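With the hints as your guide, set chain B onto chain A.
Top to bottom, those sequences are chains A and B. Take 1 as the starting number for the first sequence in our numbering and just add one per residue. Take 407 as the starting number for the second sequence in our numbering and just add one per residue.
No lab work stands behind these hints, which were simulated from the structure alone. No experiment lies behind these values; they were computed from the predicted model shown. There may be inaccurate statements among the hints.
[Claimed, not checked] From chain A, some residues computed to sit far from chain B (all C-beta separations above 10 Å):
id : residue
1  : G202
2  : G222
3  : E320
[What the hints assert, rightly or not] Calculated pairs, DSBU-like style, for lysine-lysine (alpha carbon to alpha carbon, straight line, at most 30 Å):
id : chain 1 : residue 1 : chain 2 : residue 2
4  : A       : K272      : B       : K478
5  : B       : K478      : A       : K358
6  : B       : K468      : A       : K272
7  : A       : K270      : B       : K479
8  : A       : K228      : B       : K468
9  : B       : K468      : A       : K270
10 : A       : K270      : A       : K347
11 : A       : K77       : A       : K67
12 : A       : K194      : B       : K450
13 : A       : K194      : A       : K270
14 : B       : K450      : A       : K358
15 : A       : K194      : A       : K175
16 : A       : K358      : A       : K272
17 : A       : K347      : A       : K245
18 : A       : K228      : A       : K347
19 : A       : K117      : A       : K91
20 : B       : K530      : A       : K213
21 : A       : K270      : A       : K349
22 : B       : K479      : B       : K468
23 : A       : K77       : A       : K18
24 : A       : K349      : A       : K194
25 : A       : K358      : B       : K452
26 : B       : K530      : B       : K411
27 : B       : K479      : B       : K452
28 : A       : K67       : B       : K452
29 : A       : K245      : A       : K175
30 : B       : K530      : A       : K228
31 : A       : K228      : A       : K294
32 : B       : K468      : A       : K358
33 : A       : K349      : B       : K468
34 : B       : K530      : A       : K194
35 : B       : K468      : A       : K347
36 : A       : K358      : B       : K479
37 : B       : K534      : A       : K213
38 : B       : K411      : A       : K213
39 : A       : K127      : A       : K77
40 : A       : K294      : A       : K213
All C-beta atoms in this analysis are idealised placements derived from N, C-alpha and C, irrespective of residue type, glycine included.
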Amino acid sequence: MAASLNAEELNALIQVSKTVNAHLDLDTVLESVMSVTTEVMQVEASSMVLLDDETGDLMFHVARGQKADVVRPIRMKPGEGIVGWVVESAKPAIVNDVANDPRFYNKVDEESGFRTKAILCVPLATKNRLWGAIEVLNKLDGREFDEQDLALCEAIAAQAAIAIENAVLHRDMVKTERLAAIGHTVAGLAHCIKNVLNGIQGGSYMVDVGLRKGDQHTLSRGWEIVRKNSSFMQELVLDMLTYSKERQPEYESADLNELIEAVCDLMEQKAKDQGVTIAWKPNPALGTVTLDPKGIRRCLLNLVSNAVDACNGVTGGRVEVATELADGETARIRVSDNGCGISADDKEKLFQMFFSTKGSKGTGLGLPVTHKIITEHGGTITVDSEVGEGTAFTIALPLRNEVGSS
Amino acid sequence: MSEEKTVLIVDDEPDAIEFVETALSELGGVATVSATDGVSGLQKAKEAKPDLIILDVQMPGKNGFDVFVDLKKDAATQSIPVIMLTGVADKVGIRFSGKDMGEFMGEEPDAYIEKPVNPEELQKTVSKLLGL
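One chain only, chain B, in its complex shape:
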């Protein structure tokens, strides 16, 4: 029996977290942990050492871009694959916390999924990145 994989979900909307958890529950072999803000998201990433992080961009305070940069700066978390959940506004080049999409110290998230998240697309992307 293959080892259970852990996915960390960071999103300021608890409803959105529940939705992602429901989608992932269909995959089997995936456990989830979550955080509702950037700071505790980073904390959980260091503690739980998840196999994948699903990161919402639009969060008050530390947004998804900020969290991504910090993840990549820290040796403990930099190799964890990341899926960014974006809203339409992010794609039309509106500056978010001073960072344009794609400008993260030369690193790029492994995948972008635009909200409203299509459950099948999420499941496929997560499966691929987790090697399921």
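Chain A extracted, bound-state conformation:
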């Protein structure tokens, strides 16, 4: 038997299909589907019942009609009622005189005060899974449900089931991805902390030996190692906190050139120790700017420190830090070096948490934190690099003129 749908019913089906494909949130889609269903089938009430995964109970997910609010919180046990029968047998049911059908569960009517006379119920199923059922009650014109009604209802149910399946699959995928990301973070953290602890243990041992033997050199070397690892721990915690919180920059009016110059001065000794020169090229057109000085300072420390490290082993290693004012609206900061450069592969992973090319010396958080701070300022950071030639990081910050002026 093939019942054909009339024009009005086809239109309803098209509307349902459009809603399902509009990628709205699932509840909106399902509510819309049931509204269309109720209207086009001209019934007193309708509902969509979904299977609870864990208990197997049937829950009224959507209900339409006068007693909808009373119906919604009701749960039915598996197999209960005509809808329970439909879900268990995965077959549709047309019952035009419910009073004489032993499957009918009248508790819902008792609680809601609604008087069910006729039910048409179809399963909600996709190829692999049964999600629940759609039922419509009491045609408004009092007529019986027929094959045509069944055909329409089944077509609508097929669409709704697809929407449900898509939503569930998507939610599971997001959850899996999120768990994987958390796992990766925990592993990265643990690795970092382990290295720090190893360092502290090693240093402490050296302090003990030095004290025992009266060996001043071993004692002070050991202590230096303990101290270094302690401050690394502090940096790590600070980076983790910065990275994990949604923050608004604490805007202040500051002289950008002065801020950067202070960073270069701070890095001077480290650079000298590694045989690297730092050239500072400020553009005087850049004056007072509105930014979060602590945050931007962190970023510059990270970039300049990385640049100096990149020049490790390079004769005539040189780091250049320059500022410029672009289009009168953007402050640009460029940190470049003539060091080892970054491969195309590494460039992709550059801003990932715990990605480091420095072995256990880096936290692997410097660049992700820098990227986050810049983004919070509404700015951008880009990188240009050639392996064996050098690297340049460019930060672009929008100038804000609420506080102070250039």
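Chain B in isolation, oriented as in the chain A frame:
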């Protein structure tokens, strides 16, 4: 007076090298040389012909496993005993440079010591392998 023994320490962390040197200094009769990466580690092994090599697994570039395989391939270095210093991650089967622990051309390091290195355990193992 017995001949002084030489131990080569290969570890990318200078602090870790200092720690091992301190532990070995308690033994007496042991001199140390060191390298901070796999390539120069191999070089030093060939040049200095140490009596024992202490090799860190987790190093950027050529890691400890890679160095071990090369040591065993070279006639000049293959009979030198090797102690591998491993981190926890190595033991849970995480592939490191494509090699699982124990898969080295049928050869195995003479000892594995897990970081953080216990100084006494290191001293005992080194003494044993050097015949002190």
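Right, here's what the structure says about each hint:
Annotated as non-interface, A/G202 brings its C-beta within 10 Å of a C-beta of chain B; the closest such distance is 4 Å. A cut-off of 10 Å between C-beta atoms contradicts the statement that A/G222 is not in contact with chain B; the least separation is 8 Å. At roughly 26 Å, the least C-beta separation between A/E320 and chain B is larger than 10 Å, which holds for a residue marked as non-interface. Under the criterion of a C-alpha separation no larger than 30 Å, the hint pairing A/K272 with B/K478 is inconsistent with the structure, at around 40 Å.
Under the criterion of a C-alpha separation no larger than 30 Å, the hint pairing B/K478 with A/K358 is consistent with the structure, at around 28 Å. Using a Cα cut-off of 30 Å, the hinted pair B/K468 and A/K272 holds, with the two alpha carbons roughly 28 Å apart. Restraint check for A/K270 and B/K479: the C-alpha separation of about 40 Å exceeds 30 Å, so the hint is violated. A distance of roughly 26 Å separates the Cα atoms of A/K228 and B/K468; the hinted pair therefore holds under the 30 Å criterion.
For the hint linking B/K468 to A/K270, the alpha-carbon distance of about 27 Å falls within 30 Å, and the restraint holds. Between the alpha carbons of A/K270 and A/K347 the distance comes to roughly 25 Å, so the proposed pair stays at or under 30 Å and holds. Pair hint A/K77 plus A/K67 holds up; C-alpha atoms about 20 Å apart against a cutoff of 30 Å. With a C-alpha separation of about 29 Å, the suggested pair A/K194 and B/K450 falls inside the 30 Å cut-off, and the hint holds.
For the suggested pair A/K194 and A/K270, the alpha carbons sit about 26 Å apart, so the restraint of at most 30 Å is met. A threshold of 30 Å between alpha carbons decides the hint, and for B/K450 with A/K358 the separation of about 23 Å falls inside it, so the pair holds. Straight-line distance between C-alpha atoms of A/K194 and A/K175 comes to about 28 Å, which keeps the hinted pair within the 30 Å bound. For the suggested pair A/K358 and A/K272, the alpha carbons sit about 20 Å apart, so the restraint of at most 30 Å is met.
Our distance criterion of 30 Å between C-alpha atoms is met by A/K347 and A/K245, whose separation comes to about 25 Å. Distance hint between A/K228 and A/K347 is fulfilled; the C-alpha atoms sit about 29 Å from each other, no more than 30 Å. Only pairs whose Cα atoms come within 30 Å are accepted, and A/K117 paired with A/K91 is accepted, the gap being roughly 20 Å. Distance hint between B/K530 and A/K213 is fulfilled; the C-alpha atoms sit about 20 Å from each other, no more than 30 Å.
Between A/K270 and A/K349 the CA atoms are separated by roughly 26 Å; this keeps the pair inside 30 Å, and the hint holds. Between the alpha carbons of B/K479 and B/K468 the distance comes to roughly 15 Å, so the proposed pair stays at or under 30 Å and holds. Pair hint A/K77 plus A/K18 does not hold up; C-alpha atoms about 33 Å apart against a cutoff of 30 Å. Distance check on the hinted pair: A/K349 and A/K194 sit about 23 Å apart at the alpha-carbon level, within 30 Å; holds.
This hinted pair checks out: A/K358 and B/K452 have alpha carbons roughly 27 Å apart, not beyond 30 Å. Annotation: proposed proximity of B/K530 to B/K411 holds, straight-line Cα distance about 15 Å (limit 30 Å). As the CA atoms of B/K479 and B/K452 are separated by approximately 12 Å, the hinted pair is consistent with the 30 Å bound. Simply put, A/K67 and B/K452 have alpha-carbon atoms about 89 Å apart, too far for the 30 Å limit, and the pair is violated.
Under the criterion of a C-alpha separation no larger than 30 Å, the hint pairing A/K245 with A/K175 is consistent with the structure, at around 20 Å. The straight-line distance between the Cα atoms of B/K530 and A/K228 is roughly 29 Å, inside the 30 Å bound, and the hint therefore holds. Restraint check for A/K228 and A/K294: satisfied, since their Cα atoms lie roughly 22 Å apart, inside the 30 Å limit. Proposed proximity of B/K468 and A/K358 is supported: the alpha carbons are some 13 Å apart, at most 30 Å.
Taking the CA atoms of A/K349 and B/K468, the gap is near 21 Å; set against the 30 Å cutoff, the hint holds. Proximity of B/K530 to A/K194 is assessed by CA-CA distance (about 24 Å); at most 30 Å being required, the pair is judged to hold. Between the alpha carbons of B/K468 and A/K347 the distance comes to roughly 21 Å, so the proposed pair stays at or under 30 Å and holds. Taking the CA atoms of A/K358 and B/K479, the gap is near 29 Å; set against the 30 Å cutoff, the hint holds.
The hinted pair formed by B/K534 and A/K213 meets the criterion: a straight-line CA distance of about 24 Å does not exceed 30 Å. Our distance criterion of 30 Å between C-alpha atoms is met by B/K411 and A/K213, whose separation comes to about 22 Å. At most 30 Å may separate the alpha-carbon atoms for a hinted pair to count; A/K127 and A/K77 meet this at roughly 24 Å. With a CA separation close to 45 Å, the supplied pair A/K294 and A/K213 exceeds the 30 Å bound.
Hints 1, 2, 4, 7, 23, 28 and 40 from the earlier list are contradicted by this structure; the remaining hints agree with it.
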